[in-house]
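Novice: Below, each chain spelled out in residue letters.
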Amino acid sequence: MNFNRRQFAASLAALATIPVAARAQEPTFRVFGSSEGKLIPISLSGFTGEVASTLRFDLEVAGCSIVDPESAVVLVHGTNGTRLEGFVSDRQKNYLLSKAYTGGNQRKLAHAFADEVIFVLTQTRGIAQTRVAFKVKAPNNTGEIYLADYDGHGAQPITADRAIIAAPSWGAGSQWLAYTSYKRGNADIYSHRLDTGERHIVAGYGGSNLSPAVAPGGQQVAMVLSKGGKPDLYVADIHGRGLQQLTRSLEGVSSPCWSPDGQNICYVSSDDGQPQLYSIGVNGGQPRRIRTVGVYNATEPDWSPDGKLIAFTTQRGGFEVCVVPAAGGDVQSLVSGQDPAWAPNSRTLMFCKRGRGGPLSLSLLDVPTKRVKDVPVNFGNCSQPTWAR
Amino acid sequence: MKKSFFFKLSALTLLAVVAATGCKKTPKNITPIHGRATQVGDQRPAQPPIVPDTTPAGPVTPLSPGLTNSTPSTGISTTPIQPTVPPTRNPEADPSQPPVELRGNMVVDRSAFAGNTINFDYDKSVVRASEIGKLQSVIAALKAAPQNQLEIEGHCDERGTEEYNRALGERRALAIRAQIIKSGIAPNRISTISFGEDKPAALGHDEAAWAKNRRGDLILLKPKN
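These protein sequence lines are chains A and B, in that order. In terms of this note's numbering, the first sequence opens at residue 1 and continues consecutively. In terms of this note's numbering, the second sequence opens at residue 390 and continues consecutively.
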């Protein structure tokens, strides 16, 4: 073989230099994609008390693992007193974030810093300052709707119905909620403004008025009404006007949720025998089955805000939280539990789990890494979480 | 001959370079979960921020070393963010708890048909043939007293998911209602309500308890006085 050495060397050099050049332009650490399924090793130092524990919780929920500085890709450190000073640096002490936070209580400061740390690491918006609503059930089976920070702190009731209550759903802009309350003796759907406490009946028809789901734009509510003789899917505006029936099912439907563009509604129907996921246009038409390959029943769907996945519950022995591509396909079973609700980041789920016969409690799941962190809410039976988006 | 060999070699090299660098940018083994470019807020820019009802962002002081902070700060307000939740205001006049359970103008009588509860198979809303007999005395009583009405409560065992069970309980109540209507009772005398798994008749987590909880309770409604 008669190699042209010069040419060969040149091509080798080309192979070698391109990655080097690319590395030189990169930041000193790599931005972490959310779909990698690996925990991000970081170190956490300098903070004390509630700030330290809040930061640890927030960062772990977001997919970080807290490790020694020697194994960390970035060092998160700082101090907290009347103000929080927070830094993120790489191991060469290049500062990626340095900022002071004032005002608010210690938890709020920690949440604000945690969100910015997550933004530095992943270039996506954090969820540490978001809120959730859920149902709290008393031993006598009545319940109230509660609001809380996403980590369960600051929980407080917004209702005082002392009646069965169910299925809270946030309105757009997080200024109101819809839910079902049995306060009048019937299962009625209410809208509830959070700033004034004012509420109105969206649907109080004969039969049951169930499972409201507010559309992403906040102008419409999907719900399950039985006034037509079967529990079927309806949409109306937020005042209950312009009611339209979308399904005429044989066996009834349940648990509607919206696609993020507001054009489709995913719901559960048992018309094929087992409860399965279907999708229908907001103006009706032919329902489309969303195939869930690998499981035989599916309930409680929730469409991710980025539109890509539908989380749902399947039952085989116990309950399992699963995800499936929104167009249908192979199911990924994530964890034991039920009733998943997406965070605005389309990455974290809040769901319920129960010990056998015990009360339901809330947990957070980081979908790519399957990391579960329990929500420390300690007043009994918490279920049906819904995330303010 | 020689020339074409080197031409091929350099083409292969170029291909390898492109493949190597191309791989760096889009790893093949990404599972289709969420793109990191996804910014939820960008899709709905019209929405107000999550905690909008507070004072403007407080001052954020940049600190000394190595400032590389490019993102605009989100700061924290100085007032406590937690709003006190105002008391609930209902559209209806709030009655003080009445001594007897009422449904509109009707008095609720839970004992009249307490022995006529209809039981169901797991995840089914069909009234079994063996259960239909329990409805005969109910139908007779309704025919004898046309001023009375019936409320049917649908219930489930704890094994389904919550809202699925709420719909299933309603299907059970509606199935019983359809059976009674077949016997000539006017549809507007029979209402339905579902409690899903919220009101179990038997506590316990075995088939014996579950079988009792999959049921339709029949409630007699009588006019006041």
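In case anyone wonders, no lab produced these hints; they're calculated from the structure. A portion of the hints provided could be inaccurate.
[Claimed, not checked] Okay, derived cross-link-like pairs now, BS3-like style, lysine-lysine, Cα gap no bigger than 30 Å in a straight line:
1) K532(B) to K227(A)
2) K588(B) to K227(A)
3) K601(B) to K611(B)
4) K93(A) to K308(A)
5) K601(B) to K532(B)
6) K38(A) to K308(A)
7) K513(B) to K601(B)
8) K611(B) to K373(A)
9) K571(B) to K532(B)
10) K370(A) to K38(A)
11) K523(B) to K588(B)
12) K601(B) to K571(B)
13) K38(A) to K611(B)
14) K588(B) to K613(B)
15) K601(B) to K523(B)
16) K611(B) to K227(A)
17) K523(B) to K227(A)
18) K308(A) to K227(A)
19) K611(B) to K571(B)
20) K601(B) to K227(A)
21) K571(B) to K227(A)
22) K532(B) to K613(B)
23) K613(B) to K513(B)
24) K601(B) to K588(B)
The model shown is predicted, which means the values in this text are computed figures rather than measured ones.
Novice: Each hint: holds or not?
Specialist: The hints, checked one at a time:
Restraint check for K532(B) and K227(A): satisfied, since their Cα atoms lie roughly 24 Å apart, inside the 30 Å limit. Proximity of K588(B) to K227(A) is assessed by CA-CA distance (about 22 Å); at most 30 Å being required, the pair is judged to hold. For the suggested pair K601(B) and K611(B), the alpha carbons sit about 27 Å apart, so the restraint of at most 30 Å is met. The suggested pairing of K93(A) with K308(A) is violated, with an alpha-carbon distance near 38 Å, which exceeds 30 Å.
The suggested pairing of K601(B) with K532(B) holds, with an alpha-carbon distance near 28 Å, which does not exceed 30 Å. Between K38(A) and K308(A) the alpha-carbon distance is near 20 Å, which keeps this suggested pair within the 30 Å criterion. The straight-line distance between the Cα atoms of K513(B) and K601(B) is roughly 14 Å, inside the 30 Å bound, and the hint therefore holds. A distance of roughly 52 Å separates the Cα atoms of K611(B) and K373(A); the hinted pair therefore is violated under the 30 Å criterion.
Only pairs whose Cα atoms come within 30 Å are accepted, and K571(B) paired with K532(B) is accepted, the gap being roughly 13 Å. Between K370(A) and K38(A) the CA atoms are separated by roughly 10 Å; this keeps the pair inside 30 Å, and the hint holds. For the given pair, K523(B) sits about 21 Å from K588(B) by alpha-carbon distance, which is consistent with the 30 Å threshold. Restraint check for K601(B) and K571(B): satisfied, since their Cα atoms lie roughly 26 Å apart, inside the 30 Å limit.
Among the hinted pairs, K38(A) with K611(B) is inconsistent with the structure: their alpha-carbon atoms are about 64 Å apart, more than 30 Å. Distance hint between K588(B) and K613(B) is fulfilled; the C-alpha atoms sit about 26 Å from each other, no more than 30 Å. At most 30 Å may separate the alpha-carbon atoms for a hinted pair to count; K601(B) and K523(B) meet this at roughly 15 Å. For the hint pairing K611(B) with K227(A), the CA-to-CA distance comes to about 23 Å; that is within 30 Å, so the pair holds.
Simply put, K523(B) and K227(A) have alpha-carbon atoms about 25 Å apart, close enough for the 30 Å limit, and the pair holds. With a C-alpha separation of about 33 Å, the suggested pair K308(A) and K227(A) falls outside the 30 Å cut-off, and the hint is violated. The hinted pair formed by K611(B) and K571(B) meets the criterion: a straight-line CA distance of about 22 Å does not exceed 30 Å. For the given pair, K601(B) sits about 27 Å from K227(A) by alpha-carbon distance, which is consistent with the 30 Å threshold.
Note on K571(B) and K227(A): the hinted pairing holds, with a Cα-Cα distance of about 18 Å set against a maximum of 30 Å. Proposed proximity of K532(B) and K613(B) is supported: the alpha carbons are some 19 Å apart, at most 30 Å. Proximity of K613(B) to K513(B) is assessed by CA-CA distance (about 36 Å); at most 30 Å being required, the pair is judged violated. Of the pairs offered as hints, the one joining K601(B) and K588(B) holds, with about 11 Å between alpha carbons and a cut-off of 30 Å not exceeded.
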